[in-house]
Amino acid sequence: MKIEREIRNDHIARIEGKAGVVVELGDEITAKINVTEGPRFFEMITRGKTYEDAATICSRICSFCSVPHKLTAVAVAEDALGVEVSEQTTILRDMLYFGNMVESHALHLYLFVAPDYLGYPSAFAMAEKYPQLMKHGLELKSYGAMVQSILGSREIHPENAVVGGFGKLPEKSDMERILKSGTEALQAAVATVDFFAEYEYPTHIDLPRNHLAIRPHRGYSVYGDGISASDGFSFDIEKYREFIQEEVVPHSFAKHSRYRESPFMVGALSRLINNSPLLDGTAKELLSTYRSLLREDNCFANNFAQAIEMVYFIEKINEMAERLTVKKEERVQPEASEGKGYAVTEAPRGLLIYEMELENGRVASLNVITPTAMFLPMMEVDVRNMAKGMWESGYKDPDLIGNKVEMTIRAYDPCISCSVHVVRL
Amino acid sequence: MQKLIYIFWYIRKMRYVKIANEQIHDFLNQLKQYGKLYAPVKVSDKFYDRKEIDDVCDIAFDYVRTLLPAKKYFIHPKEKMFDIDIENGTYDEPEEKIEPFVLFGVHACEIVGLRILDGVYLRDYVDTYYKRRREAGIIIGLSCLPDDHCFCNLRRSDFVDIGFDLFLHELPDGYLVRVGSPTGHKIVDECAELFSNVTQEDIAAFREFEEKRQQMFSHHGSFDNMRYLLELTARDELWDEESEKCLGCGNCTNTCPTCRCYDVQDIPDIDGKTAERIRFWDSCQFRSHGLVAGGHNFRETKKDRFFNRYVCKNSYFYGLGTSYCVGCGNCTYFCPAGIDYLGNLLRVRSASEPEEVVHEHN
Amino acid sequence: MSDTMKPKVGIHGLTSCYGCQLRMASVQEILRVAQRFDIEYWSMLSSDGTIRHVDIAFVEGSVTTMADEEELKAIRENADVLVAVGSCAIHGGVQGMIFGEEYRKVFGEIYGNCTMDFEAKIAEPIHKFVKVDHNLPGCPPEEDEIMYYLATFAMGSYPEEKDYPVCAECRRNGYPCVLIERGEPCLGPLVVAGCGARCPGHNIACFGCRGPVPHGVAWFDSLARTFREKGMEKEEIKARMEIFGRQYEKMNEMIEKVFEHED
Amino acid sequence: MNTTENIYSLYKCRVLRVYDLIEDVKLLLFRFENPDIAESWTCKPGQFVQLSMPALGEVPISICSSPMRRGFFELCIKKTGRVTDKIHELKPGDFVGVRGPYGNGFPVDEFEGSDLLLIAAGIGMAPLRSVFMYAVDNRWKFGNITVINSAKFGNTLLFRKELEAMRDVAEAENIRIIQTVTRDPDWPGRVGRAQEHIKHANTDPEKTYVCVCGPPQVYEDVFNTLIKNNYDPRKIYVTLERRMKCGVGKCGHCIAGTSTFLKYICIDGPVFGYYDIISTPGLI
Ligand SMILES: Cc1cc2nc3c(=O)[nH]c(=O)nc-3n(C[C@H](O)[C@H](O)[C@H](O)COP(=O)(O)OP(=O)(O)OC[C@H]3O[C@@H](n4cnc5c(N)ncnc54)[C@H](O)[C@@H]3O)c2cc1C
Ligand code: SF4
Ligand code: SF4
Ligand code: SF4
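Protein chains in written order, with my numbering: chain A, 1 to 425; chain B, 1 to 362; chain C, 1 to 263; chain D, 1 to 284.
Simulated from the structure, these hints should not be mistaken for lab results. Using N, Cα and C, we set each Cβ at its ideal position, and we do this for glycine too. Do not rely on the hints blindly, as some may be mistaken.
[Stated by the list, open to error] Chain A side only, calculated, beta carbon under 8 Å to chain C, not exhaustive:
#1 Arg8
#2 Glu16
#3 Lys18
#4 Gly38
#5 Met44
#6 Gly48
#7 Asp53
#8 Ser66
#9 Ser122
#10 Glu139
#11 Ala145
#12 Tyr201
#13 Thr203
#14 His204
[Stated by the list, open to error] Derived DSS-like pairs: lysine-lysine, alpha-carbon spacing no greater than 30 Å straight-line:
#15 Lys328/A - Lys36/B
#16 Lys273/B - Lys44/D
#17 Lys72/B - Lys32/B
#18 Lys238/C - Lys340/A
#19 Lys180/A - Lys284/A
#20 Lys257/C - Lys245/B
#21 Lys250/C - Lys302/B
#22 Lys121/C - Lys131/C
#23 Lys250/C - Lys78/B
#24 Lys86/D - Lys162/C
#25 Lys46/B - Lys234/C
#26 Lys79/D - Lys26/D
#27 Lys97/B - Lys12/D
Here chain A stands alone, though its shape is the one from the complex (with noise of 0.2 Å):
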């Protein structure tokens, strides 16, 4: 194979982690993502632990999913101890992740993708020119900043939330003070759509793939049983390993996932391809507006699905935060000590999957499959594809195609750290 040129980041700028690429440009093309990031190894540090214990060390796997590594250690030790919380803790838990979604996007979309599309090095660079842009992202940001905080103690790693309930639940007055900044958010994520709206998506990459999305319990949620592809075809979360295979590949120290051998994408543009008819609201109304930049075959629409989804959840929650009334109720204890357990969830990423087997309260086995590590492989296809219709069409300066090859990666919103947390097959 002749070489006629490479190109080599070691340190891809804006995304959650540590990442490098390397495209190689010739007769043929290739295009590896490196992850250098130090694997982990949280499958065995949570090894003799306490239920409770491993599901605060996983938080650790990674900041921005904190919250959905929390709750989905929580559910699946819940469902290994077979506990059953209270339709409260349900609703509670719902808003602590949807918050969630709503910072993990406004972070994702403000801090990292718009400078790409506005051609600025970073958010600070673009703030000076577009000031309510940025006024619209920090309100988003601090919006579901807040949510995590009320309900979670704080907006990263929430220790509020544990086995069978909340350490403390929220007052009348954290409701009030949600519903008190949900009105400008809503509009500031509507706001953020029409934004996402005008760009358009950088071609050469489009390709039919395959969407994995969560088979939720009620509504567009974030909880679940099972998982749904675009094929058409559906499984039981208890039968993952059978569908979704993963690998180690030695440029990377966070694995490979495959689905029915090949390639897939998970992630907000997943969830609204495969979901969409369970939205309500506005959200529901946005995207009819603009049914076509919903593509299933660019990853770039990946960014305008993570804006209707912030609409979506701060809608949600106002709706929950307005209706709930408090009770004062006690975390459900725990009887049995021991048991197999699965949890799929949502995570803001992508689909997230716990397997986790407990022996007198301690970890005995535990498997954690990221949406990072699922849609590695896809990122990959698709990085390669960008730079060889680049190249194909006669752009030569490898900063040029670098640029584009990073921006493909962003579209993605990888968590390298949640990918080398490093799985045990």
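Please build the complex by placing chains B, C and D with the ligands on the supplied structure of chain A, with the hints as guidance.
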């Protein structure tokens, strides 16, 4: 202090009234007109703390101790001293409007504790922050029955006759109320319909209560020789053993009604133009309490710090002729390591082997 | 300091959950922070950055690869003041729980015989490799402390670090003590204050995310004794204390000491 | 600045001059901004002030000038940490906040009519300088005076030049100045520790008051030598240091003593007598 002088004057003309159990909630509601009402409420399975009262039915009358002593209302756990303008080098006191407030249900030991704090904070140099709050606070005392950790009797702080506006002594069907200040008189006058005269039976009941209370203390005698004995036993192994258990967490000092060490810090704003000078509770159990520039520490080891508290608490407070320790037992009750402060003092006093002390919280 | 003399800062991440950087990025006053400093390097937020000389470098994350180690050394060489941010950088973080032989075993178990393109190492705190001037503890650090640290640096001074435990704040805030009341293994007495005793305030025992109190006043031995008295076994105690304390040199020794006379 | 009676309020003071004394130690001259304060402010030798650097903190510093000089005072400050680092950056014209004076100071009234022996080690000369200046300004009130100033090296002798420059006056005034170093082979003058020079003092042990200041480790040897040389232990005074946040007996950091003898260094000290010291473990 103007107020204290009045107290001395009125003390000679004592006034006692009675309030029946049926009237007590009315009385508590009436108290709210004198300011925000703070009283002990149950905050968890075993603990009580003083909180602002909305519904007077929440008030706990049979509490023994609160998570934090009454001092928290006079020296806030954390407070701003100054707003600093860096460029002009000015230090301005924050504009704090101090509203009158009522502390209900303060036990005798805590009232003595506050008087000890007065001795420190109002002596020579008057701490304005403390003084203003002290003047705004109305103190309503409440009699109590001791638990195993209480030894206020050994400290002579089990009964007070000064330092409160009203003091309620439990009777079978109500409370014998002693008036301790002009404010106390005013309250009684203004709520006259709630009070009745004290009867012979009430006096008998009061006597009986006091008798019962004295008998309930687990230890009797005197601690007057404690100061000498502590110095003489400073090298005993007891201090090695006990300080070995200590977590250096400072709960003992924070929950002590008379511990008053504070630290001061300047917190600059990010713009570099303004700052706040704050002060917050410190503890001699922390490493940096005795640390000076250059790294020398006047209380280098955990044992030094541990022993320091025993020395400091037991030393002589000239103002009242007692020790700084009022015998409330908080430091034992709130010590996560289960270190028995009273038990250790008793060991010092009698040089006996430690009794099997069960550290129980109930 | 005039505008032309803005301090230059770099914000770097090694291996971690990136929460400390995220927390720094999400402080309310982020735009005012950006105005007060020249942010020379912050790859999480900006694609404009190579490691250049800065006045203050903030480093999050532990060292888990050779590349991390090299990067850290380059950061140190180019910084006048280096601040370790968060539990990973200061104590190794949760990933620092696997040590020595155990590490080889685990690595083999997971990656099997697959030869990797990069070399991974045991996760270690950054002070094992370079001189650290200040620690900004937390998992992640608290907003008020981030702002305090930044503000003191901006003034050309440096922060006063806390050397007392979470219990102090727990008590000042008047939270019921879960260790006394329910016998739950609260690590508050061991752990450096700053969080305002968030977990006890939520009825949850502190599990030590901020890491041990510095300067040798984290009394693992005394707390292990207390836990033993509440009925916990040695292994249980270790399993809990090691989550954020495993790389504290004397941890094991101190816990063992308490159980010495038993077995 | 505050006009209320808040005891923690500060007087604004202007830095007039900054001298480099020895490495890391500077002498700063201040003046009160407010003329009323300048007029009325007085202090005693051995007292200290609380000096604030806005947004950084407050530190206790001994006054090292003669109390006879109205409206002005000098502080001699060693650079050792957050606040003192910044103090060293002060330039003439800058402002600081000051409150005080605090502490008991040396009982100079009691000293009257007696000989004076001042023994300084390290930066101990800083607080003793105010006693010395006071004695010089009121020369007729005291008998013979000896100052022993000691340090490790010639260039770490605090106020060396100032003391050297006074030699002629001193000769005429029965003041003996002994400067000695312990580790400097190039030093042309006297060598050895402070206590080794007590025998060279011009003071009569029977009627001498002694003031000592230095790092904690020097005290024992100095005391022993003094007592061996027949100085009266009841007339030996030292000035101590402790962590302090308020300077007025509130914050508790400087509490020292035993249960029969509890003292605040800031208000009961910082000057203590020999018997206080030996009956109170931990005071030094
Ligand atoms: C009565 C008295 C007189 C003093 N006189 C002088 C003098 O004339 N010249 C001089 O250079 N130094 C003097 N010192 C020591 C001086 O106060 C300390 O060097 C100074 O506080 C160090 O502060 P820093 O912030 O620079 O150091 P850091 O080590 O950063 O100290 C942090 C904080 O700790 C406290 N602290 C630290 N060391 C001391 C200490 N030794 N005493 C009290 N508080 C301390 C202060 O509040 C300080 O802000 C005196 C101390 C006392 C108690
Ligand atoms: S030392 Fe303990 S017993 Fe004594 S007053 Fe303080 S808290 Fe009460
Ligand atoms: S409360 Fe107990 S463990 Fe904590 S510092 Fe005091 S004596 Fe030590
Ligand atoms: S709950 Fe934990 S942090 Fe709070 S006082 Fe008890 S042991 Fe300390």
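Now the hints, each set against the structure:
1. Arg8: violated, 13 Å
2. Glu16: holds, 5 Å
3. Lys18: Holds: closest Cβ of chain C sits about 7 Å from Lys18/A, inside 8 Å.
4. Gly38: holds, 3 Å
5. Met44: holds, 5 Å
6. Gly48: OK, holds: Gly48/A within 8 Å of chain C, min 6 Å.
7. Asp53: holds, 6 Å
8. Ser66: Hint holds; Ser66/A Cβ to chain C Cβ min 7 Å, cut 8 Å.
9. Ser122: Because about 3 Å separates Ser122/A from the closest Cβ in chain C, which is inside the 8 Å limit, the hint holds.
10. Glu139: violated, 11 Å
11. Ala145: holds, 6 Å
12. Tyr201: violated, 20 Å
13. Thr203: violated, 22 Å
14. His204: violated, 21 Å
15. Lys328/A - Lys36/B: Satisfied, since the Cα-Cα distance of roughly 26 Å is no more than 30 Å.
16. Lys273/B - Lys44/D: It is violated: about 36 Å lies between the C-alpha atoms, which goes past 30 Å.
17. Lys72/B - Lys32/B: Holds - the C-alpha atoms of Lys32/B and Lys72/B are around 20 Å apart, at most 30 Å.
18. Lys238/C - Lys340/A: holds, 25 Å
19. Lys180/A - Lys284/A: holds, 23 Å
20. Lys257/C - Lys245/B: holds, 12 Å
21. Lys250/C - Lys302/B: Measuring from Cα to Cα gives roughly 17 Å; hence the hint holds.
22. Lys121/C - Lys131/C: holds, 20 Å
23. Lys250/C - Lys78/B: violated, 34 Å
24. Lys86/D - Lys162/C: holds, 21 Å
25. Lys46/B - Lys234/C: Holds, at roughly 28 Å.
26. Lys79/D - Lys26/D: holds, 8 Å
27. Lys97/B - Lys12/D: holds, 26 Å
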